[in-house]
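Heads up: the protein sequence lines correspond to chains Z and D, in order.
Quick note, in numbering that gives the first Met the number 0, the first sequence goes up one by one and the last residue is 325.
Quick note, in numbering that gives the first Met the number 0, the second sequence goes up one by one and the last residue is 437.
Simulated from the structure, these hints should not be mistaken for laboratory data.
These numbers come from a predicted model, not from an experiment.
Each residue gets a CB set at the ideal place from its N, CA and C atoms; glycine is no exception.
Each hint should be verified, as a subset may be incorrect.
Going by beta-carbon spacing under 8 Å, a handful of chain D positions derived as facing chain Z [to be verified]:
1) Tyr28
2) Gly127
3) Thr158
The following label-pair restraints were derived from C-beta to C-beta distances [what the hints assert, rightly or not]:
4) D/Gly361 x Z/Arg118: 41 to 47 Å
5) D/Leu415 x Z/Ala264: 54 to 60 Å
6) Z/Arg118 x D/Val234: 42 to 48 Å
7) D/Leu23 x Z/Gln96: 52 to 58 Å
8) D/Ser252 x Z/Asp33: 52 to 58 Å
9) D/Pro178 x Z/Asp33: 38 to 44 Å
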Amino acid sequence: MDSVGYVSPFVPPEWIAAHGLRPAWLTLDGREADLPEGARRGTCPFAAALIVEALSGSAAGALVLATSCDQMRYAAAYLDAHCRVPTFLLNVPSTWQTPQSRRLYREELDRLGGFLAARGGRPPMPERLAATLLRYDEHRAAALRARPAMPAGQWSRTLIALRSDLATLPEVKASPAAGIPLALVGGPQPAGDARLLERVERAGGRIVLDASEGGERTLPAPFDRRRLAADPLDELVRAYFDTIPDAFRRPNTRLYEWLAHHLAARGVRGILFRRYLFCDLWNAELHRLRRQSGLPVLALDLAAGDDRETDRSLGRIEAFLETLTL
Amino acid sequence: MTPPRRISLDDWDRRYAELRRAGLREPAYGGDLRRHVTEGDTRLLRLKLDNSPAALRLWNFLLSEEDRLRHARREGNILVGVLKDLGTVPVMAYALPSVVAFYPDGAWWLPCIMEHSTALLETADSLGVDDSFCPVRAMLGAFVCQSHFPIPDLLICSTGATCDDLSAIAQRLEGLGHPVFWWEIPHRRPPDAGEPSVALPGIFRAPRRQVDFVRAELERVRALLEDRTGKPLSVAALAAGIRRANRVRALLSRLRRRAFTATPAPLPALEMLIAEMLAIHFCSDQDECIAVLGALLEEVDRRIAAGIGPLRHDAVRVFWVNPIPDGVAPLEALARTALADPMAGSPLERAERICRDAARFGAEALVISRIPGASHCALEGALIGHTVRRRLGLPVVEIEVPPVADSLEPGLRTRLEALVETVRSVRLPTSMGPGGLQ
Ligand code: SF4
Ligand code: SF4
Numbered sequence: 000m001d002s003v004g005y006v007s008p009f010v011p012p013e014w015i016a017a018h019g020l021r022p023a024w025l026t027l028d029g030r031e032a033d034l035p036e037g038a039r040r041g042t043c044p045f046a047a048a049l050i051v052e053a054l055s056g057s058a059a060g061a062l063v064l065a066t067s068c069d070q071m072r073y074a075a076a077y078l079d080a081h082c083r084v085p086t087f088l089l090n091v092p093s094t095w096q097t098p099q100s101r102r103l104y105r106e107e108l109d110r111l112g113g114f115l116a117a118r119g120g121r122p123p124m125p126e127r128l129a130a131t132l133l134r135y136d137e138h139r140a141a142a143l144r145a146r147p148a149m150p151a152g153q154w155s156r157t158l159i160a161l162r163s164d165l166a167t168l169p170e171v172k173a174s175p176a177a178g179i180p181l182a183l184v185g186g187p188q189p190a191g192d193a194r195l196l197e198r199v200e201r202a203g204g205r206i207v208l209d210a211s212e213g214g215e216r217t218l219p220a221p222f223d224r225r226r227l228a229a230d231p232l233d234e235l236v237r238a239y240f241d242t243i244p245d246a247f248r249r250p251n252t253r254l255y256e257w258l259a260h261h262l263a264a265r266g267v268r269g270i271l272f273r274r275y276l277f278c279d280l281w282n283a284e285l286h287r288l289r290r291q292s293g294l295p296v297l298a299l300d301l302a303a304g305d306d307r308e309t310d311r312s313l314g315r316i317e318a319f320l321e322t323l324t325l
Numbered sequence: 000m001t002p003p004r005r006i007s008l009d010d011w012d013r014r015y016a017e018l019r020r021a022g023l024r025e026p027a028y029g030g031d032l033r034r035h036v037t038e039g040d041t042r043l044l045r046l047k048l049d050n051s052p053a054a055l056r057l058w059n060f061l062l063s064e065e066d067r068l069r070h071a072r073r074e075g076n077i078l079v080g081v082l083k084d085l086g087t088v089p090v091m092a093y094a095l096p097s098v099v100a101f102y103p104d105g106a107w108w109l110p111c112i113m114e115h116s117t118a119l120l121e122t123a124d125s126l127g128v129d130d131s132f133c134p135v136r137a138m139l140g141a142f143v144c145q146s147h148f149p150i151p152d153l154l155i156c157s158t159g160a161t162c163d164d165l166s167a168i169a170q171r172l173e174g175l176g177h178p179v180f181w182w183e184i185p186h187r188r189p190p191d192a193g194e195p196s197v198a199l200p201g202i203f204r205a206p207r208r209q210v211d212f213v214r215a216e217l218e219r220v221r222a223l224l225e226d227r228t229g230k231p232l233s234v235a236a237l238a239a240g241i242r243r244a245n246r247v248r249a250l251l252s253r254l255r256r257r258a259f260t261a262t263p264a265p266l267p268a269l270e271m272l273i274a275e276m277l278a279i280h281f282c283s284d285q286d287e288c289i290a291v292l293g294a295l296l297e298e299v300d301r302r303i304a305a306g307i308g309p310l311r312h313d314a315v316r317v318f319w320v321n322p323i324p325d326g327v328a329p330l331e332a333l334a335r336t337a338l339a340d341p342m343a344g345s346p347l348e349r350a351e352r353i354c355r356d357a358a359r360f361g362a363e364a365l366v367i368s369r370i371p372g373a374s375h376c377a378l379e380g381a382l383i384g385h386t387v388r389r390r391l392g393l394p395v396v397e398i399e400v401p402p403v404a405d406s407l408e409p410g411l412r413t414r415l416e417a418l419v420e421t422v423r424s425v426r427l428p429t430s431m432g433p434g435g436l437q
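Throw the hints in and build the complete structure from the sequences for me.
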């Protein structure tokens, strides 16, 4: 079974799985991305890492990117010109208040279905689609129930499995020791962050909310069983397009509503903000996040070629935690 | 006829006095160029400007836009700030009486023309929008300082397949209490096999359903404009608005064809660049914009007939402006135009179009002028350079020009001179390339 790699939370893995293909949420490390000269300056390290991975041929059998940011749209074109891996660019409207935006997203899922079929997938009958959706939904619900007992690194791995083929869901281990409740907010977590998160916990912090791009914030809403039975694809659209809050959405008020609710509910005392050099969408939000959350925010900047970032960030996180204990 | 030349502002003082003595007639915003320096546009002191009365009018028109906007407000007009889209919403806005549309994102050039005396970038910095963003961040500063353009009554921003810089900054504006009306331009994609499609202005086709989508979005814009003005925006008014906009675009198209293909070049690149900008936003007065471009075209025609020009040859980076299709329903026409925006589609398509224009205008080299911090530039520049080298075999140089580039000028000059030398060395054996080395 061929794998289909993706990095946008607006690409539903259950749609890929229902076609009989294997969805794979790609974790990338922008610190190591090294694009050819000429394309390097100005490219966000995450998009650069995706390109490098795709060019190396190790990413997946096919790729699905989304139009939610410029860098990804241009990365798709770059791959079109330079890479053999078949790539589909999913048009995710940034506006969400109109029926036509929603319809466009649904039509795009249909087109994605055509792409998957051309890669050996089988278009699902409604029953099979509904069953696949339910399977993912149940796993997500179970994982969310178990989340409070999981250390951050394990939760990250669980999230990756929930967005992939569900085969590698880790066992729930004992709860981590209590620590200062922190939230992770911003763009995608680089692959190397698992080590960072473990060290944060050893230093006395505890990630109680993962609102990064691959985190809990971007999990779809639970499916409604009745609507699922009536029209599974429409329910998929509702759970993803209608509910996931993100920085690129216009307006992005729901991101702040979501954060306000979850930061308060989890008793968060400080925010680790993950941002990439040249990522305008998240960079522009830092100032607003500080004002609207009223919480101390530590920006963790990621640039390509900066392999000392983790060590430096750790030192800064430790100092940040100290200020929070005062 | 005074020989065409590029002259300094000091020379323009003398030239202006001369023209006045000779009976120069000017519109209300006319006058000497020196006064703009007094008002802060100190960059003029360092530029070489075309010495024709048509260029004088062009510069005065451009540099008096803020006065025009303030006047429009005093007269009770509704000011519509249009963000991002290249000339779609202004056409709709100008189809209504008592509405003046302008592009607040034009504030990007204030730090350049006013040589950093504005503190706009520093204000943007203080709001966390630093130089990892493109120079359009000056707009955020302008909204906060409120000392440049009047704050619009309505802000309309296209989003989706536009750029992240502007989208992110417009979102910040909304966060600062300036409500934004968002409308979506989807990423233009080639039609799938067998999918109904529509020809767009220029060379692209788009799926029928994408055009329908944009048309529905523009219906929302229309409803908003009607609601705010309390006046219906009829099909007839829209069609008349499109005809007026097409007059501007037709003028520009003739100007480009004439200016880019004649030898010697009848107009310097700087004035051409401004003419291109006017065709997008009309500089807040559509009728006067037509008159300004008309005068420029007459000057160009006169110079071509006399075989004279201010330059021996030019190297102009072409910016494409699309005509709005006539003969189709107005909103359908505008939807097709909006989707034809080069930035709405793949940069590979844009590269194709650049190749076509470069070949059509006989370009001998390509300069890719990257905008620092612009989210699209890095990969787009690489793709365009790659395509042009492969398809046309032209020498390509990529430069990056910040809003105030004085300290970088020597380095930029060296690179551009090297490019010119490369072209010359290629030309010599055959002796006559386009553009002429007589
Ligand atoms: S990190 Fe930002 S710029 Fe980079 S791909 Fe993600 S959203 Fe786009
Ligand atoms: S990123 Fe590019 S298109 Fe967008 S505002 Fe800046 S210069 Fe203009």
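Quick rundown of the hints versus the structure:
{"no.": "1", "hint": "Tyr28", "in the structure": "violated, 36 Å"}
{"no.": "2", "hint": "Gly127", "in the structure": "holds, 3 Å"}
{"no.": "3", "hint": "Thr158", "in the structure": "holds, 5 Å"}
{"no.": "4", "hint": "D/Gly361 x Z/Arg118: 41 to 47 Å", "in the structure": "holds, 44 Å"}
{"no.": "5", "hint": "D/Leu415 x Z/Ala264: 54 to 60 Å", "in the structure": "holds, 58 Å"}
{"no.": "6", "hint": "Z/Arg118 x D/Val234: 42 to 48 Å", "in the structure": "holds, 45 Å"}
{"no.": "7", "hint": "D/Leu23 x Z/Gln96: 52 to 58 Å", "in the structure": "holds, 53 Å"}
{"no.": "8", "hint": "D/Ser252 x Z/Asp33: 52 to 58 Å", "in the structure": "violated, 43 Å"}
{"no.": "9", "hint": "D/Pro178 x Z/Asp33: 38 to 44 Å", "in the structure": "holds, 43 Å"}
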